[in-house]
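**Student:** Residues per chain are reported as follows:
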Amino acid sequence: MGVPKPMADPAFAPATADYQAIVDHALMTTRGVRQRLDFDREVDDRTILDCIDVAEQAPTGGNNGSRRWIIIRDQATKDRMAELYLSAGVDWVIETAKRLEGSGHQNERLMTGARHLGENISRTPALVIPTILGRHDGSGRPGLFDSVIQSAWSFMIALRARGLGTVWTTMYLNQAPAVAELLELPDHVTQICMFPVAYTIGTDFKPTSRRYRAEDIAYFDRFGHTRTPSGPGVVDEIELKAKPNDVRAIIDQLDSSDRQRFDLEQVPGGSRLRLHARVDADTDPATALAEVRATLDEITQRFAT
Amino acid sequence: MADPRISEAGFDLDQIDHLLSTTRAVRKRLDFDRPVSDEVIFDCIDLAEQAPTGGNDASRRWLVVRDQAIKDQLGDLYRETGQIFTKARQRLIGTGHPKEKVVSSSAYLVENMAKAPVLVIAAIWGIHDNSGRPGLFDTVIPSAWSFNLALRARGLGSAYTTMLNGNVEQLEEILGIPPGVTTIVTFPVAYTKGTEFKPAPRRPASEITYFDQWGFTRSQPSTDGTTRVVDGQGVVAEIDTDARPSEVWPIISDIDMPARFSSEFLGAEWTEGSEPGVGATFVGRNEIPDMFAWEVTCHVTEWVPEQTFEWRVTDPNNPGAIWRFDLAEQGAGSRLRFSMIIGQENNGTVPQALKDPEKEERVLNRRRQTLKANMQATVEGVRDLVDGGAEADG
Chain W
1 MGVPKPMADP AFAPATADYQ AIVDHALMTT RGVRQRLDFD REVDDRTILD CIDVAEQAPT
61 GGNNGSRRWI IIRDQATKDR MAELYLSAGV DWVIETAKRL EGSGHQNERL MTGARHLGEN
121 ISRTPALVIP TILGRHDGSG RPGLFDSVIQ SAWSFMIALR ARGLGTVWTT MYLNQAPAVA
181 ELLELPDHVT QICMFPVAYT IGTDFKPTSR RYRAEDIAYF DRFGHTRTPS GPGVVDEIEL
241 KAKPNDVRAI IDQLDSSDRQ RFDLEQVPGG SRLRLHARVD ADTDPATALA EVRATLDEIT
301 QRFAT
Chain H
1 MADPRISEAG FDLDQIDHLL STTRAVRKRL DFDRPVSDEV IFDCIDLAEQ APTGGNDASR
61 RWLVVRDQAI KDQLGDLYRE TGQIFTKARQ RLIGTGHPKE KVVSSSAYLV ENMAKAPVLV
121 IAAIWGIHDN SGRPGLFDTV IPSAWSFNLA LRARGLGSAY TTMLNGNVEQ LEEILGIPPG
181 VTTIVTFPVA YTKGTEFKPA PRRPASEITY FDQWGFTRSQ PSTDGTTRVV DGQGVVAEID
241 TDARPSEVWP IISDIDMPAR FSSEFLGAEW TEGSEPGVGA TFVGRNEIPD MFAWEVTCHV
301 TEWVPEQTFE WRVTDPNNPG AIWRFDLAEQ GAGSRLRFSM IIGQENNGTV PQALKDPEKE
361 ERVLNRRRQT LKANMQATVE GVRDLVDGGA EADG
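Residue numbers (the working numbering), protein chains in the order written: chain W, 1 to 305; chain H, 1 to 394.
Bear in mind the hints are in silico, worked out from the structure with no lab data behind them.
Hints are not guaranteed to be accurate.
Said to hold, decoys possible - Keeping only pairs whose Cα atoms sit at most 20 Å apart, straight-line, the calculated SDA-like set for lysine to any residue is:
(1) LYS372/H - GLU181/W
(2) LYS359/H - GLN75/W
(3) LYS206/W - GLY10/H
(4) LYS359/H - ALA76/W
(5) LYS372/H - THR77/W
Unchecked claim - Covered, in the sense of this in silico footprint (three residues per stretch, anywhere, with C-beta under 8 Å from a C-beta of chain W), are these stretches of chain H:
(6) 6-19
(7) 57-66
(8) 160-171
(9) 199-211
(10) 220-229
Stated by the list, open to error - From the derived model, a few chain H residues whose C-beta atoms are all more than 10 Å from chain W:
(11) PHE292
(12) ALA321
(13) GLN344
Backbone N, C-alpha and C define an ideal beta-carbon position, used for all residues, glycine too.
Based on the provided sequences and hints, a complete structural model is requested.
**Tutor:** Given below as structure tokens:
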């Protein structure tokens with residue numbers, strides 16, 4: 001059982017610097033691991049079950065006690081899962097990775113990792129699928145998923161702490177009915193993701209670079225109202241079907257103000273444009289936000305015509 | 001390694017497991033009088049942003065509510081939706097009902113939400129596709145859970161509340177949330193009164209983890225992942241019914257009942273002079289048609305009305321198999337769990353399985369396929385009996 005022992009050492013408690021540093025390190029360095037999975041090193045059941053015991057401590061919503069975990073160990077079943085994984089779209093990923101090889105494209109590394117996993121997934125010591133008894137209600141809100149996704153993330157952190165790693169894969173869900181048939185899942189069971197579980201090659205992982213800092217994406221009291229080190233501000237954002245370079249060209253034509261800052265990011269199918277404006281003590285944030293929106297509307301209009 | 005608590009990844013497992021096991025929903029122990037700085041909230045969001053994202057990279061947005069007037073509005077909204085808890089608390093108070101404590105705690109939060117120094121709402125750009133799969137949600141829920149863990153490490157606490165999602169339109173209006181954004185969870189954030197929290201009671205992993213096939217369990221973990229007699233291979237079938245445990249119990253405690261649904265089990269009788277209960281014995285008759293028939297003596301090893309009925313086949317100390325019904329409340333009805341573990345000897349399967357190590361796995365799995373089909377038919381039969389489905393369907 002993964003229930004921890006009572007703590008004898010007071011330096012061990014929450015709200016102490018040591019504890020906080022270790023937790024922060026775990027949360028920052030539990031990454032999706034693909035290329036550094038050690039397919040040749042055996043993993044025993046005990047280790048996986050310990051991680052599940054720890055994961056089961058995550059909160060559940062109404063669906064208490066309804067999580068079920070499937071561990072695939074049998075080689076023939078892993079082989080079949082690998083086939084399904086490829087036909088769920090990973091074969092396309094592998095082709096893309098081959099095309100991007102050596103191109104220096106921004107997605108090259110990610111694709112190379114995905115290809116490596118796709119080509120070797122049947123060699124993973126264990127494939128783990130968290131599931132939950134129940135069906136989503138189609139309400140547009142997490143509902144059922146609130147009772148299982150936290151647990152799946154705890155599982156990843158518990159693996160990381162033990163020198164193992166995995167990656168949260170969902171593309172295989174394109175073959176969810178075939179997987180359900182293979183594993184004999186009853187109809188009322190919902191699959192969440194598939195974790196290929198292995199020891200990692202080396203245990204040093206770095207935090208990822210996130211596009212935004214907390215102060216860019218944390219809004220105070222009203223959506224879009226920020227508090228940055230340079231003072232309060234407002235931000236609004238739009239998604240455009242145009243490429244970032246084309247959006248950049250439009251922005252450059254606008255009258256610029258040193259109070260404003262554009263953030264442009266490529267997203268699937270186009271760009272995301274954020275406009276941030278600082279707010280003075282004598283400016284009403286609502287007015288400032290309306291101005292920001294007007295500017296973004298103008299840009300949207302340019303692309304509409 | 002010198003210190004056995006330190007894993008090869010350099011982590012103190014007691015610390016990480018402690019974190020993941022003691023980050024509980026905190027309501028009554030939130031310290032509403034101690035201020036919380038923006039800085040600590042930013043730090044926790046920065047950590048939360050390190051959680052994995054699916055395709056919707058960089059789409060999470062966090063709403064930090066500090067303004068008392070807005071907290072009051074959200075508090076009112078929460079109280080409106082949460083009346084179910086304040087009413088349930090009235091009903092359960094002093095009854096000792098298993099849910100009395102959690103309902104009382106939830107009702108407390110319903111009445112005091114607006115007193116939290118900060119309310120933090122995790123949201124994401126995007127609308128769920130209603131595909132029945134997590135989709136959008138798996139890009140944001142891990143992050144929300146990291147936020148909760150990061151709070152815990154700093155001596156703060158929260159509860160993962162979703163009730164405000166029942167009033168999305170008003171929530172969006174109060175906070176000026178534009179269309180296209182989905183709110184996920186509202187965290188009332190405060191320092192906790194004391195930092196010691198205990199793990200929750202949960203079913204052990206070995207009971208809810210299936211190997212290679214749905215319903216295939218192992219009572220002992222294997223070291224190499226193979227299926228061997230020695231690890232206690234088992235089968236589980238479970239089903240939810242609309243009936244209360246008190247209505248299901250008479251059916252599952254009838255030892256003859258599975259004969260109606262199983263292809264092998266013909267029936268059973270209590271041994272003369274045996275009263276149902278621990279220590280009682282009964283004889284079960286089985287047959288694989290056109291092959292062979294056999295009788296076994298079964299020893300009742302657990303008997304808790306409306307909860308558990310367990311029996312061991314042949315020899316209670318060295319059973320050929322352990323069989324078990326577990327019954328628990330689930331929502332307004334119950335969940336029935338029918339499980340068995342193949343013993344190390346005193347049965348027909350093990351000698352066959354051990355004859356050839358190459359075939360051990362196949363023999364065990366084939367036997368379990370048959371058992372699973374019969375057990376599944378049995379729990380479905382029980383459900384139809386208590387829910388009246390069999391009669392209703394003609």
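**Student:** It remains to establish, for every hint, whether it holds in the given structure.
**Tutor:** Here's how the hints hold up against the structure:
1. LYS372/H - GLU181/W: Within the cut-off at roughly 15 Å; holds.
2. LYS359/H - GLN75/W: Since the Cα atoms of LYS359/H and GLN75/W sit roughly 15 Å apart, the hinted pair holds (cutoff 20 Å).
3. LYS206/W - GLY10/H: 14 Å, holds
4. LYS359/H - ALA76/W: The given pair, whose Cα atoms are some 14 Å apart, holds under the 20 Å limit.
5. LYS372/H - THR77/W: Status holds; Cα separation ~18 Å.
6. 6-19: As far as the segment 6-19 of chain H goes, the hint holds, because 13 residues have Cβ atoms under 8 Å from chain W.
7. 57-66: Coverage by chain W holds for the segment 57-66 of chain H (9 residues, Cβ < 8 Å).
8. 160-171: With 4 residues in contact (Cβ-Cβ under 8 Å with chain W), the coverage given for the segment 160-171 of chain H holds.
9. 199-211: Result for this restraint: holds, n = 11.
10. 220-229: holds (count 7)
11. PHE292: 27 Å, holds
12. ALA321: 21 Å, holds
13. GLN344: 18 Å, holds
Violation of the numbered hints given earlier is absent; every hint is satisfied by the structure.
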